[in-house]
Amino acid sequence: MKKIKNREDLERVRKRIVKKSDPNKPCITISSGTCCRAYGCQKVTKAFITEIEKLGIRDKVEVKTTGCLGFCERGPIVVIYPKGIYYQRVTIEDVSEIVTETILNGKIIDRLLYIDPVSGKKFVNGEEISFYKKQMRVLLKNNWLIDPNKIEDYIINCGYTALSNALFKMTPEQIIDTIKRSGLRGRGGAGFPTGVKWENCRRANGDLKFIVCNADEGDPGAYMDRCILEGNPHSIIEGMIIGAYAIGSHEGYIYVRHEYPLAVKNLKIALNQAREYGLLGNNILNSGFDFNIKISIGGGVFVCGESTALITSIEGKIGEPRAKYIHTVEKGLWNKPTNLNNVETWANIPIIINKGSKWFSAIGTEKSKGTKIFSLVGKINNSGLVEVPMGITLKEIVYEIGGGVLNGKKFKAIQTGGPSGGCIPEKLLGLPVDFEKLKEAGSMMGSGGMIVIDEETCVVDLAKYFLNFILDESCGKCIPCREGTGRLSEIVERITSGKAKIEDLELLEELSHVVKDFSLCGLGQTAPNPVLSTINYFRDEWETHIKNKTCPALVCKELIQYYVDNEKCTGCGVCKNLCPQKAILGELKNPHSIVQDRCISCGICHENCKYNAIILSSPRGKN
Amino acid sequence: MGIVTLKVNGIEARVDESWTLLEALRFLGVEIPTLCHHDGLTPYGVCRLCMVEIEENRGTKLVTSCLYPVKEGIAVKTHTDRVVKGRRMLVELMLARCPNSKTLQDLASKMGVENIRFKMKNEDCILCGLCVRLCKEQMMSGAIGFIGRGEKREVVTPFRTRSEICRNCGACMYICPVVELPCRGYNPQGELCNSCLRFVPECVDKYGQIMCYLESCGSCVKKGEKNELVKT
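If you're matching them up, the sequences are chains S and W in order. Once you know that position 196 of the first sequence is 196 in my numbering, the rest is easy, because the numbers rise by one and skip nothing. Once you know that position 41 of the second sequence is 1041 in my numbering, the rest is easy, because the numbers rise by one and skip nothing.
Hints are computed from structural coordinates only; laboratory data are not their basis. These numbers come from a predicted model, not from an experiment. Check the hints yourself; a few may be wrong.
Calculated cross-link-like contacts (lysine to aspartate or glutamate; reagent style DMTMM-like; alpha-carbon spacing at most 25 angstroms) [to be verified]: (1) S/K64 / S/E8; (2) W/K1136 / S/D59; (3) S/K324 / W/E1017; (4) S/K317 / W/E1017; (5) S/K19 / S/D59; (6) S/K336 / S/E199; (7) W/K1121 / S/E607; (8) S/K331 / S/E251; (9) S/K439 / S/D461; (10) S/K324 / W/E1056; (11) S/K324 / W/D1016; (12) W/K1119 / S/E509; (13) W/K1085 / S/D504; (14) S/K409 / S/D472; (15) S/K516 / W/E1017; (16) W/K1119 / S/E199; (17) S/K379 / S/E541; (18) W/K1121 / S/D504; (19) S/K516 / W/E1056; (20) S/K331 / W/D1039; (21) S/K324 / W/E1114; (22) W/K1119 / S/E490; (23) S/K501 / W/D1039.
Simulated DEER-style distance windows between Cβ atoms [claimed, not checked]: (24) S/Q596 / W/V1156: 42 to 48 angstroms; (25) W/K1061 / S/H258: 33 to 39 angstroms; (26) W/K1121 / S/C602: 56 to 62 angstroms; (27) W/K1061 / S/D565: 56 to 62 angstroms; (28) S/H258 / W/V1156: 41 to 47 angstroms; (29) W/K1152 / S/G408: 40 to 46 angstroms; (30) S/C602 / W/N1115: 34 to 40 angstroms; (31) S/N149 / W/W1019: 54 to 60 angstroms; (32) W/K1136 / S/D290: 32 to 38 angstroms; (33) S/N165 / W/C1125: 56 to 62 angstroms; (34) S/K557 / W/R1160: 35 to 41 angstroms; (35) W/W1019 / S/E490: 37 to 43 angstroms; (36) S/E490 / W/R1160: 25 to 31 angstroms.
Some residues of chain S that are not near chain W, with every Cβ distance over 10 angstroms (derived) [what the hints assert, rightly or not]: (37) E101; (38) N105; (39) V196; (40) K268.
For every residue, glycine included, the Cβ atom is placed at its ideal position computed from N, Cα and C.
Extracted from the complex, chain S is given alone in its bound form (with noise of 0.2 angstroms):
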């Protein structure tokens, strides 16, 4: 490929590949995130094109793979164009069906279709799903379009176009002054005015700054970054060359975690077709603006999403945080000025560029504007990513693109913010979602993590998780943080264990108020947040567990028994022949019993049993 020389060449290039393509060309594409990968979409994709060049077709029908298309659940699903069938949970086996069947003959697979649980409707067309309607894609419509390793698809939707109208048409002040008026705010979870960040480490002194993109994702059940880095990387590469073009800088970095290996390899492969088609590198475009982007990867630690510790990261050193009273953007990498923002927050800014700030500031809230991705996952029926606009309540979230709660169960809380953040009860699902308005009820936006929890989940078990996830990462530089989750984690495990006191409730909240009062950096800062949101909205919970040694959610492993129903148990010997424990005694044909002694609660008998004999109850001793 020959280099683009200026803007006019990159027209040019443009309307060269929409001529090649042809718009009815029938086209299978295939989602291959990181997820559909795990369903085995590259066996579908590799049988498609055996049954293609079986049938000798291959010039007919073009076989695409792109980026995850958000509804994981359903993986791996085949987008059919130019109709824009939309097949789910797509095997091997079905490949010619769809081939012979779809392609060929023009006839649609009844039973590859959504279905959807409520309402029984079938979808031939994958944008009418409930799922997708009431979501808002903009950052991730692309996905469905784009193969991430061909740059040619990226340039045919517009790719581009905002960087070569950043570097021919509008200033640097410009630039800043667009973003400003957007309104956009850092999706790491922080909120912090992207304009106004720009504008203070283009004021900072110093020659040589630089660029960051934080694609350190680490929250658990947060993938929202790596959707965009797998599925559509020249998204994140053309807001960092016009963020880099407005701020003054000429290197960037990416730091990703190295548990994304796709999202490094499809990063890489981007990073050079850019250099390649002259996109990135020395002189782009003509304009006489330089600008590189190099890949930083991480080792795999939690705490390194955070900005100072992600820096010291790049620079060689242990990636722990340091104070914040001198900013990074004007003492940052190096201790040069450094600019650091989010992968979502760079993908926004190509679309705010095309689209203008005006459009990009009418979508949302009074502060919080745009739109943002959520991974929806936990109990609920549809989980995967969702794309909305600021402003929408947490009940349209969980109940319209959610489909509900999982097995008709009833809701209970959603977590939002990951390990950061906190539960927000059911009483407040009409929260519009914006990032005062999550603050306030006491959990946060975070990087957009939402755990949806049923009847099923104990709250303390909850904080009890992310508590020893926190405590796992914490880097162990401050004490508050180091010793002080800690004895969160000692102390919550005593609850959970029945060995606690009602001193030890007054113990954690006086001891969790002073670990996000003095720790460091914001893990510290907002780790006891599951523990505080939880004792502030179920704080009877809370109690039985220690007043009652009860677990109500039956969860608890040390304050529930399990029991055999003697009118139920037919003495099949399912339980007593998984029992590990060897505890479940009885004849054949008789009804069984479990020595307490010996159980350890591991729930196999429970879960095996067809009649549904085993009976859990909380607390202990009862029988």
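Got chain S sorted already, so can you dock chain W onto it with the hints?
Chain W in isolation, oriented as in the chain S frame:
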């Protein structure tokens, strides 16, 4: 050299603009407890004892005074309820980890920490980083450093073997607030001592002419018999 004006506990003060808040507060005679701070080393900000509350244009916030550069117009409050409570809890946490450190026991007595609500651990190191910084910055050696993360963090020589660049100067031992002669209070090792707190100096009764400022000179203790201290 510029001068900035700030308010400390309601009193206006003028200090050098290149100072950190801790330097300014100590210059002004305000006592701020610290553990990981040393005048000869770069501030590290991990013990969090030196945190104070400041009022800037947007409400109050807690800052680490050893790292915070003084700014024009800030109002500092050094001993608010929130700060003092937090400091006590921090000392409690530290003592629960290293109960045999005299420095920490003294801090506890000074701040009035009278019981520890956590299980005692009896570790040898509080991970304040003084030795690591001293070795690197003042002894120009860098023979020790941190390894591990979180609870597994510890100070060791590279690969836990005898370091070739260690000169056995002993500076690390000199500066360590934990590895020192344990407090000689009358409580058994591994518990909160608080002797100093409950200490009623006999000097006043026995030696009326001696001026005692409650600094533990120890002369009265030495002369008396062991375990003779009076509980109030």
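A quick look at each hint next to the structure:
1. S/K64 / S/E8: 29 angstroms, violated
2. W/K1136 / S/D59: 67 angstroms, violated
3. S/K324 / W/E1017: 18 angstroms, holds
4. S/K317 / W/E1017: Outside the cut-off at roughly 30 angstroms; violated.
5. S/K19 / S/D59: 16 angstroms, holds
6. S/K336 / S/E199: 15 angstroms, holds
7. W/K1121 / S/E607: With a Cα-Cα distance of about 40 angstroms, the restraint between W/K1121 and S/E607 is violated, given a limit of 25 angstroms.
8. S/K331 / S/E251: 15 angstroms, holds
9. S/K439 / S/D461: Given pair S/K439, S/D461 holds - Cα atoms ~23 angstroms apart, limit 25 angstroms.
10. S/K324 / W/E1056: 16 angstroms, holds
11. S/K324 / W/D1016: Holds. S/K324 to W/D1016 sits at ~21 angstroms (cutoff 25 angstroms).
12. W/K1119 / S/E509: Satisfied, since the Cα-Cα distance of roughly 17 angstroms is no more than 25 angstroms.
13. W/K1085 / S/D504: 17 angstroms, holds
14. S/K409 / S/D472: 32 angstroms, violated
15. S/K516 / W/E1017: Violated, at roughly 30 angstroms.
16. W/K1119 / S/E199: With a Cα-Cα distance of about 50 angstroms, the restraint between W/K1119 and S/E199 is violated, given a limit of 25 angstroms.
17. S/K379 / S/E541: At roughly 20 angstroms apart (the allowed maximum being 25 angstroms), S/E541 and S/K379 satisfy the hint.
18. W/K1121 / S/D504: Holds, at roughly 19 angstroms.
19. S/K516 / W/E1056: 20 angstroms, holds
20. S/K331 / W/D1039: Answer holds: S/K331 to W/D1039 is near 23 angstroms, not above 25 angstroms.
21. S/K324 / W/E1114: 34 angstroms, violated
22. W/K1119 / S/E490: 9 angstroms, holds
23. S/K501 / W/D1039: Since the Cα atoms of S/K501 and W/D1039 sit roughly 44 angstroms apart, the hinted pair is violated (cutoff 25 angstroms).
24. S/Q596 / W/V1156: 42 to 48 angstroms: At roughly 46 angstroms between Cβ atoms, W/V1156 and S/Q596 fall inside 42 to 48 angstroms, so the hint holds.
25. W/K1061 / S/H258: 33 to 39 angstroms: 35 angstroms, holds
26. W/K1121 / S/C602: 56 to 62 angstroms: Check failed, 31 angstroms falls outside 56 to 62 angstroms.
27. W/K1061 / S/D565: 56 to 62 angstroms: 58 angstroms, holds
28. S/H258 / W/V1156: 41 to 47 angstroms: 25 angstroms, violated
29. W/K1152 / S/G408: 40 to 46 angstroms: 44 angstroms, holds
30. S/C602 / W/N1115: 34 to 40 angstroms: 39 angstroms, holds
31. S/N149 / W/W1019: 54 to 60 angstroms: 55 angstroms, holds
32. W/K1136 / S/D290: 32 to 38 angstroms: 37 angstroms, holds
33. S/N165 / W/C1125: 56 to 62 angstroms: Given range 56 to 62 angstroms: holds, Cβ gap about 57 angstroms.
34. S/K557 / W/R1160: 35 to 41 angstroms: 37 angstroms, holds
35. W/W1019 / S/E490: 37 to 43 angstroms: With Cβ atoms ~39 angstroms apart, the hint holds.
36. S/E490 / W/R1160: 25 to 31 angstroms: 28 angstroms, holds
37. E101: 55 angstroms, holds
38. N105: Check passes; 59 angstroms lies beyond 10 angstroms.
39. V196: Holds: least Cβ distance 14 angstroms, greater than 10 angstroms.
40. K268: Since the minimum Cβ distance to chain W is about 28 angstroms, S/K268 lies beyond 10 angstroms and the statement holds.
The earlier numbered hints that this structure contradicts are 1, 2, 4, 7, 14, 15, 16, 21, 23, 26 and 28.
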